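Student: Protein chains in written order, with this note's numbering: chain V, 825 to 1342; chain F, 40 to 354.
No lab work stands behind these hints, which were simulated from the structure alone. A quick note: this is a predicted structure, and the numbers were derived from the prediction, not measured. Beta carbons: idealized from backbone N, C-alpha and C, even for Gly. Warning: the hint list may mix true and false statements.
Looking from chain V toward chain F, a few residues come up when the C-beta cut is under 8 Å (computed) [as the list claims (entries may be wrong)]:
(1) A869
(2) G1006
(3) G1010
(4) R1011
(5) E1028
(6) L1064
(7) A1065
Covered by chain F, per the in silico footprint, the following chain V stretches (three or more residues, Cβ under 8 Å) [unchecked claim]:
(8) 921-935
(9) 1262-1272
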Amino acid sequence: MTRRTLLAVGTASVLAFSAQSFAQTPENVLIVGQIAEPKALDPAAVTAVNDFRILMNVYDGLVRYQSGTLEVEPALATDWEISDDGKVYTFKLRDGVTFHDGSDFNAEAVKFNFDRMLKEDHPYHDTGPFPLSFFFSAVQDVEVVDPMTVKFTLDAPYAPFLSNLAYPTGLIVSPEAVKAHGKEFGRNPSGTGPFKFAEWKSNERVVVERNDDYWDGTAQTEAIVFRPITDANTRTAEMLAGGIDLMVEVPPVALSQFEGDGYNLVEQAGPHVWFLILNAKEGPFADKRVRQAANYAINKQAIVDDVLEGTAAVAAGPTPPAFAWAYNESLEPYPYDPEKAKALLKEAGAEGAELTFYVTEGGSGMLDPVAMGTAIQADLQAVGLDVKIETYEWNTFLGQVNPGLEGKADMAEMAWMTNDPDTLPYLALRTEAWPDKGGFNSGYYSNPEVDELLEAARASTDQAERAKLYQQMQTIVQEDAPWVFVANWKQNAVTSSRVENFELQPSFFLLLKDVSKK
Amino acid sequence: MAGYIFKRLLSAIPVLFGITLIVFLIMAMIPGDPATAILGSYATPENVAKLNRDLGLDAPLWQRYFIWLGNMLQGDFGRSFALNRPVLDEVIERFNATLILAGTAFILCSLLGVIAGVVSAARQYGFADKAITFAVLLGISIPSFFLGMMMVLLFAVNLKWLPVSGMYAIYGGGDLPDLIRHLIMPATALSVVAIGVIARLSRSAMLEVLRQDFIRTARAKGVHEFGVIWRHALKAAMVSIIPVLGIQAGFVLSGAVYIEMVFQWPGVGRMLVDAILKRDILLVQGGVVFVAACYVLFNIIVDVAQSMLDPRIKT
Chain V
825 MTRRTLLAVG TASVLAFSAQ SFAQTPENVL IVGQIAEPKA LDPAAVTAVN
875 DFRILMNVYD GLVRYQSGTL EVEPALATDW EISDDGKVYT FKLRDGVTFH
925 DGSDFNAEAV KFNFDRMLKE DHPYHDTGPF PLSFFFSAVQ DVEVVDPMTV
975 KFTLDAPYAP FLSNLAYPTG LIVSPEAVKA HGKEFGRNPS GTGPFKFAEW
1025 KSNERVVVER NDDYWDGTAQ TEAIVFRPIT DANTRTAEML AGGIDLMVEV
1075 PPVALSQFEG DGYNLVEQAG PHVWFLILNA KEGPFADKRV RQAANYAINK
1125 QAIVDDVLEG TAAVAAGPTP PAFAWAYNES LEPYPYDPEK AKALLKEAGA
1175 EGAELTFYVT EGGSGMLDPV AMGTAIQADL QAVGLDVKIE TYEWNTFLGQ
1225 VNPGLEGKAD MAEMAWMTND PDTLPYLALR TEAWPDKGGF NSGYYSNPEV
1275 DELLEAARAS TDQAERAKLY QQMQTIVQED APWVFVANWK QNAVTSSRVE
1325 NFELQPSFFL LLKDVSKK
Chain F
40 MAGYIFKRLL SAIPVLFGIT LIVFLIMAMI PGDPATAILG SYATPENVAK
90 LNRDLGLDAP LWQRYFIWLG NMLQGDFGRS FALNRPVLDE VIERFNATLI
140 LAGTAFILCS LLGVIAGVVS AARQYGFADK AITFAVLLGI SIPSFFLGMM
190 MVLLFAVNLK WLPVSGMYAI YGGGDLPDLI RHLIMPATAL SVVAIGVIAR
240 LSRSAMLEVL RQDFIRTARA KGVHEFGVIW RHALKAAMVS IIPVLGIQAG
290 FVLSGAVYIE MVFQWPGVGR MLVDAILKRD ILLVQGGVVF VAACYVLFNI
340 IVDVAQSMLD PRIKT
């Protein structure tokens, strides 16, 4: 074979293999670029938003979030009553709903779900572990009143209970499928949702198909394919090449690629807050004025605009505005005012203080932690603080920060995404939530007034009442400045122009029932 | 011969035993535990303790080691925490994918590298030599992951000739042409550096051989130049090229990690990176032990084959 023939054969084979066009994904089948391989399709067993994105389309819970809000509305339960003491919840269940495997949805099925998760002696408790079962740790007993009525008894009033039921951990699985598949249920899921599970090929795809018997109107597309594409650059390239129709978590630097025709860019603020924990127990940040100075000194707008390319908004306080009903609209973010910061530092005698700053390399909800940390360091240096950064890999970082900053650091980055306005402040701002008591208050903030407000809000079952308490709490916490409130992340997604009716939810769940594709 | 093989297999046992101990201790020593990784923001000490108990990680270290080792000897590598499936299923599937990628890249770099080296040597200081030397230098200098990304941009995003990532098409794929389409870019990106290295060494090996007397004799006897180069000289030069190919095989296999990340190739390298980040202890341990066992086995096969060709090695 001469070199010329070799060349010719080579060229010909390249042309032959590339004859097929890769730009066209099939009609009526939505291909979604996910950020990772799911762990399991068992809602009780998973913890990652990535897995929730699939689950929310395969299962329903007793309640769900109203589209566009974080307020609950009926789903598999049509109605419910809460006892006056806030401890007993009685749900009326929807008639005529069947699981994808054909078995009936009823009160027994609901009881099975919660007993499996919560009771260590349940015959199917070994299909776990169930890492987020503490969402329902207040549940003492689940009782079948009649086939279509189920009663939950809590050990104490616990207001977030309803919104926890709307969270993926509360989605209802088919007891028959759990019994049939045991530990392999996570790979053979069966729920009541708008799509039913069809296929899972490891590291390649999860396919779900339309459930034609769905109780709430059938889905627009025939099927959805979820593809795990871990690398953000590769995900962007797949979107540009037409290999996927919908991509979540577009990296800020890639946004400009999708500005033209052919793509729709969607964004939605969510229940996320990015903040700096300040060590209020010892060192310069034990003085409230120094903590406030840090809030004034950091140019949050610049971080949001320049580092995050507009994929976040400046945070005003500890509660994200996505919790519209509980958010205090009157809060204004600390303005960027280096002069005021300097004055406060002088007043507190903290000029030139040396600070240790824990920064992480990545991690869930942490956005661009290294670049953000560096920008924060520069802003604090500019008002005369001497900031030393220590960087850790995410899991190591959590191991350093969660046990508390005492004796180690003055400040640390942190971010939370939650489903109820109770969760974060309750776990991270109360005196009873100091690390030695099993909470996440790693900066040792303590204000009895805040403690009282949070306990009262948790015990109340009246949403208007709760809202008022949370709003008061936000005002006090903002003034006390136990954290530097930095940003609220806006989740984004890109779809090709063939995709219609797509919107992102403040819950960050991906609901695809009403999405259509040409 | 049977005795030699037996001896080699016997000597592999302490090696494998050592590997299990090292990988177990490393996973026990790195900061962060699987429960914290799974729970993320919700990792309260209480939740972590409970989940560790559920995962069977609350037993003393030595006990966990022997339970793991004992199970493994019975063929049970345990279950991955992060993927919720048997470790061995996942590892075998992933190792298979890596073998396809690294194997193709190895064949590619051996063929192209040797050909480039031979052509270069045959036309020393000629145009072909200069062009190849330049291309080789370029190839060695470009990091493979960067080359991979640029190839994606050109051939997949702009020209739309080849798929961006994955091993098979999502729809209507799964056959051999589909696999080859998905292989072209990652295999090329993975082999470029190795092609350069092999070409350079083949060139110098060939130049040395071409200066020897038997080549002059062959030419004097009127052997066609093609035969001189490709039959007589290359055969002699292969003696010093083959060890280089062996080293490059290892290089290609380890380089597959980056390429698997860029092209979302479902291989064992990407699996290990993901597993380490998620502190998926059993998957990391099982994966490393499996890959190590394969390496040891390959080595024994190579040694045995060599000793068959050259009995002196047996001592």
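Student: Now tell me, hint by hint, if it's right for this structure.
Tutor: The hints, checked one at a time:
no., hint, verdict
1, A869, "holds (7 Å)"
2, G1006, "violated (12 Å)"
3, G1010, "holds (5 Å)"
4, R1011, "holds (7 Å)"
5, E1028, "holds (7 Å)"
6, L1064, "holds (5 Å)"
7, A1065, "holds (5 Å)"
8, 921-935, "violated (count 0)"
9, 1262-1272, "holds (count 3)"
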